[in-house]
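> Fit chain H to the supplied structure of chain Z, relying on the hints for placement.
Listed below, chain by chain, are the residues.
Number of protein chains: 2
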Amino acid sequence: MNIRIHVSLKPGVLDPQGRAVHHALDGLGFAGVEDVRIGRLIELTVADSTSDADLEAMCEKLLANTVIENYRIEKVGQ
Amino acid sequence: MNIRIHVSLKPGVLDPQGRAVHHALDGLGFAGVEDVRIGRLIELTVADSTSDADLEAMCEKLLANTVIENYRIEKVGQ
Numbered sequence: 001m002n003i004r005i006h007v008s009l010k011p012g013v014l015d016p017q018g019r020a021v022h023h024a025l026d027g028l029g030f031a032g033v034e035d036v037r038i039g040r041l042i043e044l045t046v047a048d049s050t051s052d053a054d055l056e057a058m059c060e061k062l063l064a065n066t067v068i069e070n071y072r073i074e075k076v077g078q
Numbered sequence: 101m102n103i104r105i106h107v108s109l110k111p112g113v114l115d116p117q118g119r120a121v122h123h124a125l126d127g128l129g130f131a132g133v134e135d136v137r138i139g140r141l142i143e144l145t146v147a148d149s150t151s152d153a154d155l156e157a158m159c160e161k162l163l164a165n166t167v168i169e170n171y172r173i174e175k176v177g178q
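Taken in order, these protein sequences are the chains called Z and H.
Just so we're aligned, residue 1 is where the first sequence starts under my numbering, counting upward by one.
Just so we're aligned, residue 101 is where the second sequence starts under my numbering, counting upward by one.
Since the hints were made in silico from the structure, they are not lab data.
Please read all numbers here as calculations on a predicted model, not as lab measurements.
Mixed in with the good hints there might be a few duds.
Said to hold, decoys possible - Listed below are the simulated DSS-like cross-link pairs for lysine-lysine, each with C-alpha atoms no more than 27 Å apart in a straight line: (1) K10/Z with K61/Z; (2) K10/Z with K175/H; (3) K75/Z with K110/H; (4) K175/H with K75/Z.
Only chain Z is shown next, with the shape it has when bound in the complex (with noise of 0.2 Å):
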């Protein structure tokens, strides 16, 4: 089963990395681009056996800072 995890910056966190791509695209002649926000993106590929609690587990343990990130959870091609 192929799972993607999005995990963002939570709205109001400060983004510095956002930020520098923002400069950069500017500094390309890009105009237009009012806000950049920079996440990761987690492909995962587990056992059919595994369960929705156990991705959640997976998600608030290690894979999202939750005091400053939201995740979502995605299965891919359901």
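Just chain H now, with coordinates in the frame of chain Z:
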């Protein structure tokens, strides 16, 4: 207009970060994890006038290293 760009390593490219996460998940007792790949999730807020060609150019020039990475452009909410 909100855009999500999914950047992930091309198949066959070694992913040490993914290996480390995989190892940590095993250590936390999560059985059944077969593979872990880590990528980037870039969330852009751009003017509605931004064309698909502009978005492609942003990816090709800055947001993705097309030698080892693939990217996928997703228009959020469309």
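> Each hint needs a verdict: does it hold in this structure or not?
Consistency of the hints with the structure:
1. K10/Z with K61/Z: Holds, at roughly 17 Å.
2. K10/Z with K175/H: holds (20 Å)
3. K75/Z with K110/H: Holds - the C-alpha atoms of K110/H and K75/Z are around 20 Å apart, at most 27 Å.
4. K175/H with K75/Z: holds (19 Å)
Violation of the numbered hints given earlier is absent; every hint is satisfied by the structure.
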